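Chain A is fixed; fit chain B onto it per the hints.
Residue numbers (my numbering), protein chains in the order written: chain A, 544 to 684; chain B, 544 to 684.
Since the hints were made in silico from the structure, they are not lab data. Remember, predicted model here, so these are calculated numbers, not experimental data. Be aware that one or more of the hints could be misleading.
Label-pair restraints from in silico Cβ distances [unchecked claim]:
no., chain 1, residue 1, chain 2, residue 2, range
1, B, 652, A, 552, 44 to 50 Å
2, B, 607, A, 684, 27 to 33 Å
3, A, 631, B, 631, 20 to 26 Å
4, A, 552, B, 656, 20 to 26 Å
5, B, 646, A, 652, 48 to 54 Å
6, B, 652, A, 646, 50 to 56 Å
7, A, 630, B, 664, 36 to 42 Å
8, A, 567, B, 626, 16 to 22 Å
9, B, 649, A, 650, 51 to 57 Å
10, A, 652, B, 664, 46 to 52 Å
For glycine and all other residues, C-beta sits at the position ideal for the given N, C-alpha and C.
Protein chains: 2
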Amino acid sequence: MANSSDRPVLEELDRAECMRLIAGGVVGRVAFDDGEGPTVIPVNYAVDGDSVIFRTSATGRMTRSLLTSVPGGEVRAAFQADRFDESARTGWSVLLRGGAHRLSAAERAAVPRVEPWPGDERGEWFRLSALEVSGRRLSRR
Amino acid sequence: MANSSDRPVLEELDRAECMRLIAGGVVGRVAFDDGEGPTVIPVNYAVDGDSVIFRTSATGRMTRSLLTSVPGGEVRAAFQADRFDESARTGWSVLLRGGAHRLSAAERAAVPRVEPWPGDERGEWFRLSALEVSGRRLSRR
Chain A
544 MANSSDRPVL
554 EELDRAECMR
564 LIAGGVVGRV
574 AFDDGEGPTV
584 IPVNYAVDGD
594 SVIFRTSATG
604 RMTRSLLTSV
614 PGGEVRAAFQ
624 ADRFDESART
634 GWSVLLRGGA
644 HRLSAAERAA
654 VPRVEPWPGD
664 ERGEWFRLSA
674 LEVSGRRLSR
684 R
Chain B
544 MANSSDRPVL
554 EELDRAECMR
564 LIAGGVVGRV
574 AFDDGEGPTV
584 IPVNYAVDGD
594 SVIFRTSATG
604 RMTRSLLTSV
614 PGGEVRAAFQ
624 ADRFDESART
634 GWSVLLRGGA
644 HRLSAAERAA
654 VPRVEPWPGD
664 ERGEWFRLSA
674 LEVSGRRLSR
684 R
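Just chain A, same shape as in the assembly (with noise of 0.2 Å):
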């Protein structure tokens, strides 16, 4: 077991692992710039592919942020996870970042489901389509 004296090993994680971390998860971070600077909002998602879903209200500031693009682009985005244990200073983290787009009803029908902590009401659904994948873990030996 990690001892928190242990000296630190940070490690890059390859896409494969980092897509395998994150598949465990229920709770990420979106981070997207709506016109006052970055900004990060935390999702409940699911993986899918090499891309996150996640939903968000219809009247919130992501959506309005995520569909300020040129007509069948996408807005650039990121979405974090990480994990960490405190007692032992070690942990993973995980970065996609691309390209969101809003799904059309048909493209909902056929993405693993998400459940919003928050309710329903989250009624407009994202993928972000990872064009890059990194992650890194510290762990201590």
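For chain B alone, kept in the frame of chain A given last:
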């Protein structure tokens, strides 16, 4: 105790409560634009008044991005921290938005000490001063 099937209640947190919540933590996330869109990097941090102090590598992407400012200016960035209980499906999230600036040696001596879990080679210290503090708590009743 919260039961995950209870009715979800989402409340906005005031600035004092947000700062109190993040004062108890040691891992948060900094979001910034590295020129290719938003990115998110976990950091160890300390709260100092209405700002957050964190450290990063002098040669890393975060330092490069946070220093591409006009002289004396600040780069737009965000700091996010949260804590969730996956079994109860509850938790809180806090977001600080504002400008990041690098601390001089003299400034470093006057701020709370930050100990990065991966080791001490994170030679640049930054302060993110919160222009805007927001937070939410999800509970169940």
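To see whether the hints hold, each was checked on the structure:
no. : hint                         : result
1   : 652(B) to 552(A): 44 to 50 Å : 30 Å, violated
2   : 607(B) to 684(A): 27 to 33 Å : 30 Å, holds
3   : 631(A) to 631(B): 20 to 26 Å : 23 Å, holds
4   : 552(A) to 656(B): 20 to 26 Å : 23 Å, holds
5   : 646(B) to 652(A): 48 to 54 Å : 51 Å, holds
6   : 652(B) to 646(A): 50 to 56 Å : 51 Å, holds
7   : 630(A) to 664(B): 36 to 42 Å : 23 Å, violated
8   : 567(A) to 626(B): 16 to 22 Å : 18 Å, holds
9   : 649(B) to 650(A): 51 to 57 Å : 55 Å, holds
10  : 652(A) to 664(B): 46 to 52 Å : 50 Å, holds
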